[in-house]
Amino acid sequence: MLKCEGLKISFDKGTAHEKTVLQDLSFELQEGDFVTVIGENGSGKSTLLNCLSGTYLTDSGKILLDNEDVTLLPEYKRARKIGRLFQDPLRGTAPHLTVAENLALAYLRAAGHFHPFSRISAKDRQFFAERLKALDMGLETRLDDKVGQLSGGQRQAMTLLMATLVPPKLLLLDEHTAALDPQAEEKVSDLTRKIVEEHHITCLMVTHDMQRALDTGNRTFMMAGGKIIFELNEEEKKTLSVQDLLVRFREASGRNLASDRILLG
Amino acid sequence: MLYILETALRLGLFYAPIPLALFLSYRILNIADLTTDGSFVLGMAVSVSIAALGHPFLGMLLGMAAGALAGSVTALLQTRGGVPSILAGIITNTGLYTVNLAVMGFSSNKSLLKQETVFSLLKKLIPGEHYEILIGLFLIALLCLFLRFFLSTRLGLSLRATGDNIAMIRSSSVDPDRMILIGLCISNSFTALAGALVAQMQRSADINAGSGIVTVGLACLIIGETLLGKRSLTRNILAAVTGSLFYRLLYALILKTRVVPVECLRLLTAVIVAAAIVIPYLQEQAAVRRRREC
Ligand SMILES: Nc1ncnc2c1ncn2[C@@H]1O[C@H](COP(=O)(O)OP(=O)(O)O)[C@@H](O)[C@H]1O
Ligand SMILES: [Mg+2]
Chain H
84 MLKCEGLKIS
94 FDKGTAHEKT
104 VLQDLSFELQ
114 EGDFVTVIGE
124 NGSGKSTLLN
134 CLSGTYLTDS
144 GKILLDNEDV
154 TLLPEYKRAR
164 KIGRLFQDPL
174 RGTAPHLTVA
184 ENLALAYLRA
194 AGHFHPFSRI
204 SAKDRQFFAE
214 RLKALDMGLE
224 TRLDDKVGQL
234 SGGQRQAMTL
244 LMATLVPPKL
254 LLLDEHTAAL
264 DPQAEEKVSD
274 LTRKIVEEHH
284 ITCLMVTHDM
294 QRALDTGNRT
304 FMMAGGKIIF
314 ELNEEEKKTL
324 SVQDLLVRFR
334 EASGRNLASD
344 RILLG
Chain F
12 MLYILETALR
22 LGLFYAPIPL
32 ALFLSYRILN
42 IADLTTDGSF
52 VLGMAVSVSI
62 AALGHPFLGM
72 LLGMAAGALA
82 GSVTALLQTR
92 GGVPSILAGI
102 ITNTGLYTVN
112 LAVMGFSSNK
122 SLLKQETVFS
132 LLKKLIPGEH
142 YEILIGLFLI
152 ALLCLFLRFF
162 LSTRLGLSLR
172 ATGDNIAMIR
182 SSSVDPDRMI
192 LIGLCISNSF
202 TALAGALVAQ
212 MQRSADINAG
222 SGIVTVGLAC
232 LIIGETLLGK
242 RSLTRNILAA
252 VTGSLFYRLL
262 YALILKTRVV
272 PVECLRLLTA
282 VIVAAAIVIP
292 YLQEQAAVRR
302 RREC
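Protein chains in written order, with our numbering: chain H, 84 to 348; chain F, 12 to 305.
Hints are computed from structural coordinates only; laboratory data are not their basis. Even glycine gets a Cβ: it sits at the ideal position worked out from N, Cα and C. Possibly wrong hints are sitting among the right ones.
[As the list claims (entries may be wrong)] Incomplete in silico selection of chain H near chain F, CB under 8 Å:
hint: 1; residue: Gly-144
hint: 2; residue: Tyr-159
hint: 3; residue: Ala-162
hint: 4; residue: Leu-180
hint: 5; residue: Glu-184
hint: 6; residue: Ala-189
hint: 7; residue: Pro-199
hint: 8; residue: Ser-201
hint: 9; residue: Arg-202
hint: 10; residue: Lys-206
hint: 11; residue: Arg-208
hint: 12; residue: Gln-209
hint: 13; residue: Ala-212
[Said to hold, decoys possible] Only some residues are given here: those of chain H computed to face chain F with a beta carbon under 10 Å:
hint: 14; residue: Ser-136
hint: 15; residue: Ala-177
hint: 16; residue: Ala-217
[What the hints assert, rightly or not] Counterexamples of contact, computed for chain H against chain F with all Cβ distances above 10 Å:
hint: 17; residue: Val-104
hint: 18; residue: Arg-214
hint: 19; residue: Val-325
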């Protein structure tokens, strides 16, 4: 499904600040895998997602998505297959467009059969309302409100819907609930699980909540220094506790996990 | 007085495509497009030169096409060449000076003597003496309807989102470079249309006629938005036209009453535009400062 081989990227090349952020990173995902990614601040989690989405091009290595080599494909072209959510709920939606207009744009990802001069039809609106209703946030009655008027939680739920309106081959979530208040966080997390399972979407989810990382999905990657230093499979996720994770981290890296921003559960 | 109103109405309509163009580039795409001055003169030059050959309508169309071409140069410099957007406009504008001279046969102005213009031809079809205003009204209505329709299509939505949240548009699998190209082509063809109309109306094109047009256009846009508000797309579009009419009225009144010397009008225009952008910014800053203090 997704195969990464020897990904490497460094920033500020040729300066004194040159920093290798991903080094020789390889892994493979099967169709329907739901992987949670944890690791210290600066271990390269966001950079990995940026490389997969095409925001950054890697210096070397290969990315195969769905048997297609996408290593050098520009971001907007990969977006047809990849859905993405960021920590900042403002990043995924256009604030001056209405809810319906935002959803119509997301719908473009199914592109190909849309005429550029077609407009949002009554049927589209009905479809959008149905899907919004499933979010259970009362957004189905606000199709014509500007998205800028919605709360952070509502905007993030909408972004989630937009990223999955046409189920993507791969969904990338980068601490997408971290900026929300606890109630909205719970809500968006539940929605994520529901939508990903319903459509069997292959998904990489970065989180700093270790317990949630263990509870969610069928695999977990622990990253440090731009590498995956160990991985947990489905069995291990069920049996291991957060404490066990810390022990595994020490064994793999020879030091304690810096836990300033990581929730130990 | 009636004459003043008529003149203002006529000029307001003929120049209205410029604030409409800037609505598209500046408000929707968030690009300050300095190609505008050059595109206006390009429209003038092409329209007069082709009309001189006996094809006034073709002159209009080719003028618009030339404007679109100029817009595409700016867009490509910016998206494919890594030139910052303001500089891209300035570069194109500088180059256009020579192009415009060349179109007019390397002379700094070109006049139509006895040749037909779109106005002299249409005059035969439209009864009454207000045929110029009627033509202007018809054209502007057409442009407004086109813009309103276009911006609610999926292509138009993609364009609007490009200016609103470019990261989001990339992740919707739309190529923002293409959106900028399409947007600047349309906006510069509008600007060139204004030039083409004005030139055939006054039967001449002048190499310097475009200087400062972009600031005047922005002033029109801002005045219109102040008068009508910017709550909906329809309102935004009508605001651009209203602003253009109001500006020309103001211009005509000042010309007549001389409350302000005509030579100072450009300065006044510049002050209006600067103030309209600076004042809201300062208000925001003051609000932040107040919050810091308490
Ligand atoms: N565009 C960039 N330019 C320079 N350094 C960067 C850039 N993006 C990320 N980095 C660096 O890469 C390292 C990893 O960052 P990141 O992937 O955001 O970590 P994480 O998401 O795991 O906290 C950090 O040291 C960061 O400063
Ligand atoms: Mg991060």
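These are the hints, each one checked on the structure:
{"no.": "1", "hint": "Gly-144", "in the structure": "22 Å, violated"}
{"no.": "2", "hint": "Tyr-159", "in the structure": "5 Å, holds"}
{"no.": "3", "hint": "Ala-162", "in the structure": "4 Å, holds"}
{"no.": "4", "hint": "Leu-180", "in the structure": "6 Å, holds"}
{"no.": "5", "hint": "Glu-184", "in the structure": "5 Å, holds"}
{"no.": "6", "hint": "Ala-189", "in the structure": "6 Å, holds"}
{"no.": "7", "hint": "Pro-199", "in the structure": "4 Å, holds"}
{"no.": "8", "hint": "Ser-201", "in the structure": "6 Å, holds"}
{"no.": "9", "hint": "Arg-202", "in the structure": "5 Å, holds"}
{"no.": "10", "hint": "Lys-206", "in the structure": "14 Å, violated"}
{"no.": "11", "hint": "Arg-208", "in the structure": "13 Å, violated"}
{"no.": "12", "hint": "Gln-209", "in the structure": "17 Å, violated"}
{"no.": "13", "hint": "Ala-212", "in the structure": "18 Å, violated"}
{"no.": "14", "hint": "Ser-136", "in the structure": "8 Å, holds"}
{"no.": "15", "hint": "Ala-177", "in the structure": "4 Å, holds"}
{"no.": "16", "hint": "Ala-217", "in the structure": "20 Å, violated"}
{"no.": "17", "hint": "Val-104", "in the structure": "20 Å, holds"}
{"no.": "18", "hint": "Arg-214", "in the structure": "16 Å, holds"}
{"no.": "19", "hint": "Val-325", "in the structure": "33 Å, holds"}
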